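Peer 1: Fit chain H to the known structure of chain Y by using the hints.
Residue numbers (our numbering), protein chains in the order written: chain Y, -5 to 473; chain H, -5 to 473.
Derived from the structure by calculation, the hints contain no laboratory data.
Keep in mind that this is a model prediction, so the values were computed, not measured.
Wrong hints could be hidden among the right ones.
The list makes no distinction among identical chains, and a pair is therefore deemed to hold if it is satisfied within one copy or across any two copies.
Said to hold, decoys possible - Only pairs whose alpha carbons sit at most 35 angstroms apart, straight line, appear in this in silico DSBU-like list of lysine-lysine:
id : residue 1 : residue 2
1  : Lys307    : Lys338
2  : Lys75     : Lys214
3  : Lys473    : Lys338
4  : Lys75     : Lys93
5  : Lys93     : Lys241
Number of protein chains: 2
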Amino acid sequence: MSIKTTLTVLTFLLFSVASVTAAEPEFAKDIADKAAWVRDHAADDNKSMAIVESLTTEVGPRMAGTEADARAVIWAQNKFKALGFDKVWLEPVTFPTWKRGVEVAEIVSPFPQPLVITALGNSIPTSEQGLSAEIVQFASLDDLKAAKPEQVNGKIVFINRKMTAHRDGRDYGPTVSARGDGPVEAAKLGAVGLLIRSVGTHNHRMPHTGNSRYKEGVTKIPAAALSAPDADLLVNMLARGNPVTVKMTLGSQPGPMYTSHNVIGEITGSELPNEYVLIGGHLDSWDLGTGAVDDGAGCAVTMAAAEFLARHKLPLKRSIRVVLFANEEQGLWGGNQYRDRHAKSVKNIIAAAEADFGQGPVYMLSSRVKPEALPLVKQMQQIMAPLGIEAGDNNASNGPDLIAMRNEGMALFSLHLDGTDYFDLHHTADDTFDKIEAKRLNQTAAAYATFTFLAANAPMSFGSGESYLVEKAKAERNK
Amino acid sequence: MSIKTTLTVLTFLLFSVASVTAAEPEFAKDIADKAAWVRDHAADDNKSMAIVESLTTEVGPRMAGTEADARAVIWAQNKFKALGFDKVWLEPVTFPTWKRGVEVAEIVSPFPQPLVITALGNSIPTSEQGLSAEIVQFASLDDLKAAKPEQVNGKIVFINRKMTAHRDGRDYGPTVSARGDGPVEAAKLGAVGLLIRSVGTHNHRMPHTGNSRYKEGVTKIPAAALSAPDADLLVNMLARGNPVTVKMTLGSQPGPMYTSHNVIGEITGSELPNEYVLIGGHLDSWDLGTGAVDDGAGCAVTMAAAEFLARHKLPLKRSIRVVLFANEEQGLWGGNQYRDRHAKSVKNIIAAAEADFGQGPVYMLSSRVKPEALPLVKQMQQIMAPLGIEAGDNNASNGPDLIAMRNEGMALFSLHLDGTDYFDLHHTADDTFDKIEAKRLNQTAAAYATFTFLAANAPMSFGSGESYLVEKAKAERNK
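The shape of chain Y in the complex, shown without the other chains (with noise of 0.2 angstroms):
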């Protein structure tokens, strides 16, 4: 045995017994008591269905930078106060703007037909008259890719990617890729205008909005989502081996610069105040539906939980802070404005988790914690598993307006969100308030409260800020 390998064995051996001697964190059992308490009785008394119904029903529709996105914030603000948080501000957001303007098109031959679309986010107009042309289609954006210019010079890409629906959502990142770079990708081979299959699940007349981008130096073309039902249409019109011709006039344009705003509710903690649980949604949602799975749902549900610990007077170590995020859906402004102003302090953020994906149940509890904390996560999934919820990994990575904050090292839990029949809404019309079902609402708020209550009053840091998860996202932003 060389002196090197002894010196290996015994610090494995210091390892081990210190592994087994040192107390492993665990919350007090006081507030393990009133955790599994609030787990059952935070939904009692559907405040979060209470939250929901008056942001769609007194605002509705909230796309960033329009004028019901001030309307919004005024809501907001009246909303974190009726219900009694003790400090309610605004953080401003700017960003560039996008207005939706008249959208139609119809085939025009061989068989004419209207064909139900919408523009997507961020789209450039087509002329008033419209764009004619020949359709091309593509299974995936990875055939379009693969393709010649000279199948697509001139014509109007069309995409069928279908999405499949699963919990976790995972064929959407597979799907939306058309969405986001279909335009840039379309346009490298010449095609004039691009019509993509609705990122969705289901097969109603609803097409799907969402952002869109381009890219400096590619030609901008106008950029549409077809209903699925309309896709199957130019499906089988296609099988009869003619050339299709489509015509679509989009009146979408981009508008000036504008200032929203993230609005902070905070429930003051009272040993650590500067520490605190960030927990929230996106205040903004797509002009078509009035933004109740997305992301009224979120916002409710974390307004409630907020509301519940600080109604019921349970303790708070640690304060606890709603951010309602200004403009997600066109760029992650909201989240990217946080990061901007509290990137410096991401230390007092005991630890984080937004809600943005639907109504729930919440099915999993996930972690993005130093390893010394996991106990304390194994503590908290053990608490909340009467809610249906199991234990996840400790690699969470949701919450799109927290992946700012999540490359600067921030602690984060995920409360994953049964999306299953998320994508038959998410951007549509069809995203109204009558969808949301109060025992998934109750449950997912009943989750939050739980969560929310044990993150603040938690024994120890999770992290945020140390070198373990500022070097993993470091690791992860390099792969």
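Peer 2: Frame of chain Y, contents of chain H only:
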């Protein structure tokens, strides 16, 4: 025992003996056997699916009086010919037209939001600037009728009757009265406009159009249907106790007279070619969807049923006439024209059945025949039972385009279609081919083929034009 009593007893005995001894009519064994074969094989080739696909893809929406109406007539002629019908002809049908225009609405106050509406068929336009007024809510047409003019005067009436789903669609009648008679009843009380909750059974953002009526001497007011979520939104907003003002703008308007056609295909019978089984559906559709379930399905199953019998050279004593009726949606114009032209030869129609309640499956066979023919009906029901079809009564009344001929004493069968989800799609943009399920449509086509084969080979009349059915119709009309 008086003489009178004795005579009564004797009459009873004679009648009983006659009942027992007279041979009941029945289908020949060969015909019954062949009918069972038809039942089991008529759906093998998915022919009716192909026909609906063709109609919805190659024509699509085909509202009566539009350019697409003319294309549908050409499609139907060509399809009959391609399917090998012996005779194909047109019978002109003339009617007034109506054209949809812009149709937008919004809540003006207290909480501005867009509303999703569609004009009711026959609605006059608003002014170009739109119509703004406070809304007044009623739970049903009856509640509106019971209102006082001072409640309604100068307002937009909002009727929020919710329709429930049933296999036999029995809640359609009580709900659709608000659509048909709402404009007149609202105007009588001084209303300036009408908004009804869509006559439908789903909660998608998909308004249902459909015909409405005005009345000589009552002011015509613009009328539209809200999608179910929009009706719910108004209910929630009104529940706050403050006046709600809505602005609606309709560009719909009446057009000139138009002549379309009932398109008729016939397979010629061998023994009694002038007698025929009358089956069919209506060729026109509303303009929002592509008319797949209403009534592409009905056209397809009846065309496919006749084609199957001809292609397999099954014996046909009588002819089969498939009638694709013109303009059912805006007032049963095709059915009424058929009566005008063919009432005098009603006895030639051995039996009739129209499919106009979606894709099926068929769950019951009921009849409207003279009592002497009931043993035949029973035999037909037994032969069709393996398709999952129950035996119904002798009061069949289905088929809107057959009402006029029914009133002339035509023998009628109802192949009752399962309408549980029919009103999820009926008269909406969502009535598209992707909603058609092969299994359901195929069962319906097989049921029609079996029924048609048996009726064409019936050993006796079902009573068309005979006194029993003439008197029955008269009695019903006088009720």
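Peer 1: Can you name, in rising order, the numbers of the hints this structure does not satisfy?
Peer 2: 2
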